[in-house]
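With chain E held as given, fit chain F onto it using these hints.
2 protein chains.
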Amino acid sequence: MRIKKTDLLPIVNDLKEEELAGLIDHTKLKPHEPKTKMLALYDEAVRHNFASVCVNSCWAKTIKNYRKLNPSNVKLCCVVGFPLGQMSTEAKAFEASYVRKHGADEVDMVINIGKVREISSFSGRERGLARNYVLKDVREVVKASENAIVKVILETGYLLDEEIVEACKICEEAGADFVKTSTGFGPMGAYPHHLKLMRGVVGDRLGVKVAGGIRNFLDAIRSLYAAANTKELRTPSKFRIGTSAGINIVNTLGWAKYTDVWFVEEIPCKICPSNYTSKLPIKIRNHYIKKCRTCAEKEYRKFRDF
Amino acid sequence: MRIKKTDLLPIVNDLKEEELAGLIDHTKLKPHEPKTKMLALYDEAVRHNFASVCVNSCWAKTIKNYRKLNPSNVKLCCVVGFPLGQMSTEAKAFEASYVRKHGADEVDMVINIGKVREISSFSGRERGLARNYVLKDVREVVKASENAIVKVILETGYLLDEEIVEACKICEEAGADFVKTSTGFGPMGAYPHHLKLMRGVVGDRLGVKVAGGIRNFLDAIRSLYAAANTKELRTPSKFRIGTSAGINIVNTLGWAKYTDVWFVEEIPCKICPSNYTSKLPIKIRNHYIKKCRTCAEKEYRKFRDF
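Keeping their order, the protein sequence lines are chains E and F. Position one of the first sequence corresponds to residue 1 (our numbering), numbered consecutively onward. Position one of the second sequence corresponds to residue 1001 (our numbering), numbered consecutively onward.
Keep in mind that the hints were calculated from the coordinates and are not lab data. Keep in mind it's a predicted model, so treat the numbers as computed, not measured.
Pairs of lysine-lysine, DSS-like flavour, derived with a Cα cap of 30 Å:
#, chain 1, residue 1, chain 2, residue 2
1, F, K1283, F, K1196
2, F, K1004, F, K1016
3, E, K279, F, K1270
4, E, K290, F, K1028
5, F, K1028, F, K1257
6, E, K30, F, K1028
7, E, K136, F, K1037
8, E, K68, F, K1136
9, F, K1291, E, K35
10, F, K1061, E, K279
11, E, K136, F, K1061
12, F, K1279, E, K30
13, E, K169, E, K290
14, F, K1030, E, K196
15, E, K257, E, K231
16, F, K1283, E, K28
17, E, K37, E, K68
For reference, chain E alone in the conformation it holds in the complex:
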């Protein structure tokens, strides 16, 4: 997927700073962070008017109590079954109801990736069983979250295109509010190709959240272009950016309207999932290598060794 400067400039000129800040989930999920960093995360989110803070479930209580002392509009978003999504359905549902009880307004769950892959690789009865498992997995978490916004992380790096489509359909059927690309701990981050695919399936009925590898302003705007091209989709209920570089991204917008140095004309392979092939399961890797051979932008492939 090739993205030109002329594609992104209208979005940047249209965007207001508070609008962009309202789309950002300020995230800190590394396991070694102490309490002080978590409270600082909340403070930063309040100062910049971000949509939410996104933390692990052991910090739910801490942030809830801190928010009582420093009330604000910043939502509390907790991850569930993170980052592998290989917890049993019951355990995921319990964790979701736990964080809901302790002040979480939003729940980011991870889908069972192994079971999603079973749907496309098995047939007949086993296929139906796997599909039902995934459907029930998401549905139980949605039920346990009681009116909280539920985002389902698909970990797109492990899935083929048709598996992503199927997973999006299942999420919609199960009553989730968002589909989300990656955890940030998986084999690859969020690519515009996957975002466009997901938006194509869920339309404006569900939201799309991009996460994993959104490190600067260009990444964020590229994601906006791929998954939220119209003004109606650029609201916190339809699009979110999960990143720990939120402050940098919002600050860049201030001067990005007056110059275009933030835009680096990259060769299309750089933002193509086919370019990343190291830690993938063999089936996914072969799929991408095959796609790469018939790519419309193949004249760029000779520059691929970056």
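Relative to the frame of chain E, chain F by itself:
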């Protein structure tokens, strides 16, 4: 820590194949594996008489039912709060009791790494609170596991030496049966230095499990040397190796007694945690860089760019 061939040869000559196989937890924890691979994992463990199969909690039921059809002595080991350990205590305890109900004989939980780091970086009341949190965290899981063997993963890559010592003491106080080095998803794998440290603290009262980066026979024997140097410690209740290369390791032992080509004289830095500095928190990285400067093996440092 320098390990010579003469250190390892007595262990290899002493070891029997069934003894080594009995120490191995046959592991598959990647999130994208389908059901077929999990059943194959169990079959392999039965064929080679491994101590257990180690899987994520969503596979507990599957393997339990499969074991009913193919009974064996292979134990079922499930991970809890994996791999970040940042789930709330209640959610970890629920997951532990869930897997216990569904046939797990052993539970591998992840300690709350952020809270362990708080113990050493805070002081006074906050320090006590953090220590109590970690103690309660482990204790609740031990209680919920009901007589199952509980192994506590410390994720040594994120911790300083004194934090590892403190964490080991807490695990013993909380009633855990094993301390385990890493998840395999963390910043670094298991190093002999950490193993020796952990064995030094827990003595023969608790077991030590090595996991993360044990890819071949040499790694396994090195870990045995560091954490189970005597015959009494080389039993499944005192020492375990968590690896997905178990078949390779056991098969190598067959010919390892007749030749020593499996031993590669490596420079000591290669198996030193100071050598790995890329994804660590800044405090840990500085700690290792400082240690490296005063290392007894420092003449090897000039070869360090491997």
